[in-house]
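Build the full structure now, drawing on both the sequences and the hints.
Protein chains: 2
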Amino acid sequence: MGRDEFIDACKQVGLNVTYQRIAIFNKLMEHTDHPSADDIYKEVRQDYPTISLATVYKTLETLAKHDLISKVTYLHDIARYDGTSEAHHHLVCIKCKKIIDIDSNALDAIGIPAGVPGNFRILNYRVQFDGICESCESASTEQE
Amino acid sequence: MGRDEFIDACKQVGLNVTYQRIAIFNKLMEHTDHPSADDIYKEVRQDYPTISLATVYKTLETLAKHDLISKVTYLHDIARYDGTSEAHHHLVCIKCKKIIDIDSNALDAIGIPAGVPGNFRILNYRVQFDGICESCESASTEQE
DNA sequence: TTATAATTAATAATGATTATTAAAAAAGAA
DNA sequence: TTCTTTTTTAATAATCATTATTAATTATAA
Ligand SMILES: [Mn+2]
Ligand SMILES: [Mn+2]
Ligand SMILES: [Zn+2]
Ligand SMILES: [Zn+2]
Chain A
1 MGRDEFIDAC
11 KQVGLNVTYQ
21 RIAIFNKLME
31 HTDHPSADDI
41 YKEVRQDYPT
51 ISLATVYKTL
61 ETLAKHDLIS
71 KVTYLHDIAR
81 YDGTSEAHHH
91 LVCIKCKKII
101 DIDSNALDAI
111 GIPAGVPGNF
121 RILNYRVQFD
131 GICESCESAS
141 TEQE
Chain B
1 MGRDEFIDAC
11 KQVGLNVTYQ
21 RIAIFNKLME
31 HTDHPSADDI
41 YKEVRQDYPT
51 ISLATVYKTL
61 ETLAKHDLIS
71 KVTYLHDIAR
81 YDGTSEAHHH
91 LVCIKCKKII
101 DIDSNALDAI
111 GIPAGVPGNF
121 RILNYRVQFD
131 GICESCESAS
141 TEQE
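Heads up: the protein sequence lines correspond to chains A and B, in order.
With our numbering applied, the first sequence corresponds to residues 1 to 144, in that order.
With our numbering applied, the second sequence corresponds to residues 1 to 144, in that order.
Hints are computed from structural coordinates only; laboratory data are not their basis.
Keep in mind that this is a model prediction, so the values were computed, not measured.
You can take every hint at face value.
Only pairs whose alpha carbons sit at most 30 Å apart, straight line, appear in this in silico DSSO-like list of lysine-lysine: (1) B:97 to A:98; (2) B:95 to A:58; (3) A:58 to A:71; (4) B:27 to A:97; (5) B:11 to B:27.
Shown next, in the form of structure tokens:
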């Protein structure tokens, strides 16, 4: 998404288009390496020295909430442990953050696809399915 | 891995077999939902009221370091953002935590495999490849 | 313009995790 | 066993990423 598209998208979702939001979004788009809030903060501060780290956090969360950007992992708040160390696959409920194992031969057979640079040594992979679990689904259906 | 296997595995990697380690491991294995350190702490404390939360953390980290257990995501320390909100796939360097996009039609074509319960509504999925990036690889090769 | 709502900056608070340190337990030698 | 050394634990303090608060600023709209 380019700058003009971003401005339109903000209007679409009812967010005021501010200098800060444009600067943060632009800086994020300059990156291909998925920066942290602090990375963005340090860079935006070059052009805009009065910006606050809390504003960067708040802006990134706001943009993510409106699906203009995203977090690589939104499961980063608290560590979750697994009784096995073998790579396998998971179902994650985005509401209650329940994590369930998936046992699937098909997923284990994926292998390394084209599009992966040869100079990156892959050790393993995991597939994460995001969705809504049964109990969260029925909980949200109740009040309608 | 069962209790006896765990005891053997501890000896294998040179960890003393303590009551706390067994209790924490057993409790983790009772779960299918990938508990947090605090979840484990609250439960182990029923049987062993003097245990400390810091011990639970330390034990879980120690067991994970020796590959007896694992973290569902070890990329949980700081949030990383992405300029797009569309689900896609990533290469993650486990050394420097660099995150790189993969563009792969094959991965996008996986679909929902057998083994996923029908009452879980899947919204999207992402594949994460863990490995060592080129610069980390050559950095580790230098000193040999 | 003036009123109202949204956003920002600065800072304090929160909370998960880690570090520290002294006591307790385990291992090893004799 | 007993003495010595190493590992582990418990308690607590410290750290640090993130969030909440709040007053000032800016945008929107009448
Ligand atoms: Mn699992
Ligand atoms: Mn990405
Ligand atoms: Zn759920
Ligand atoms: Zn790397």
